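Construct the entire structure; sequences and hints are all you get.
Numbering (my numbering), first residue to last: 269 to 533.
A hint or two may mislead.
As the list claims (entries may be wrong) - Quick list of the computed label-pair ranges, beta carbon to beta carbon:
#1 GLU514 with THR469: 15 to 23 angstroms
#2 GLY341 with SER404: 20 to 28 angstroms
#3 HIS464 with TRP371: 44 to 52 angstroms
#4 GLY341 with HIS464: 45 to 53 angstroms
#5 ILE408 with TYR388: 22 to 30 angstroms
#6 GLY290 with VAL471: 12 to 20 angstroms
The hints are simulated quantities; they were obtained by calculation from the structure and are not laboratory data. On a predicted model such as this, the values are computed, not experimentally measured, just so you know. A virtual CB, placed ideally from N, CA and C, is assigned to each residue, including glycine.
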Amino acid sequence: MSDATQVLQSVKHIVLVLSGKGGVGKSTFATQLALTLVQNGKKVGLLDVDLCGPSIPRMLGIEKRDVHQCSEGWLPVYCDASQRLGVMSIAFLLAGRGDAVVWRGPKKNAMIKQFLVDVYWGELDYLIIDTPPGTSDEHITVIENIISCKPDGAVLVTTSQAVATADVRREVSFCSKTKLPILGIVENMSGYVCPHCSHCTNVFSRGGGEMLAKHADVPFLGSIPLDPNLAACGDEGKSFVEAFPESKACKSIQEIVANLSKRLE
Numbered sequence: 269m270s271d272a273t274q275v276l277q278s279v280k281h282i283v284l285v286l287s288g289k290g291g292v293g294k295s296t297f298a299t300q301l302a303l304t305l306v307q308n309g310k311k312v313g314l315l316d317v318d319l320c321g322p323s324i325p326r327m328l329g330i331e332k333r334d335v336h337q338c339s340e341g342w343l344p345v346y347c348d349a350s351q352r353l354g355v356m357s358i359a360f361l362l363a364g365r366g367d368a369v370v371w372r373g374p375k376k377n378a379m380i381k382q383f384l385v386d387v388y389w390g391e392l393d394y395l396i397i398d399t400p401p402g403t404s405d406e407h408i409t410v411i412e413n414i415i416s417c418k419p420d421g422a423v424l425v426t427t428s429q430a431v432a433t434a435d436v437r438r439e440v441s442f443c444s445k446t447k448l449p450i451l452g453i454v455e456n457m458s459g460y461v462c463p464h465c466s467h468c469t470n471v472f473s474r475g476g477g478e479m480l481a482k483h484a485d486v487p488f489l490g491s492i493p494l495d496p497n498l499a500a501c502g503d504e505g506k507s508f509v510e511a512f513p514e515s516k517a518c519k520s521i522q523e524i525v526a527n528l529s530k531r532l533e
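If you want it as structure tokens, here you go:
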């Protein structure tokens, strides 16, 4: 067994969150996916390998926590006393929020490998791996180190615009070339639902993610409308799915997670 296989042998499901383009809400979705799974009674690990833009600790309100070690390796930072959501990110190792990671590829790859083989997650129902945009060294390093663990696959996040879906087509090709299964596509920022009259305005157009899923012959997991409260919760480090359970966006996220869980379990 490889090092990663030994470390992750007690993890039931490994899911990568990918996007071909930055700014489509990939890390926001990964965070809400993890929080919703925890709400559903699962034990979850969230690994942030976006080394140059580590935003997940801020979204969860755990930015200033320290990483500790045990005999098995690094311990993830837990979001609550019940330790049902553990997080690891390079943000915990930086002096401040504004510090830039100015590293060449080999050092990034070494850091990612260390995250994959030196973090002691223990028993998990899900390990969610949030990756940077694109199809670069970081993605290849992740897949090379976990492929022996037989990851369940990837969720691709896009918006409806043609520019975003074109980039996600490349992500579909990347998954095919690396033999990483695609669990489905999520369309984010899919219309704005008025909180007063419930009318949906397609600010960025609509349906591009679903069309891409049909074209690529992969499942379409669902769409998430724009919601200012979702962005505000991310900035403030609060759980959107707990704070706004009746919102259209929250119900959409729950439906997507239900669709994904059904495919996996």
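List of violated hint numbers, smallest to largest: none
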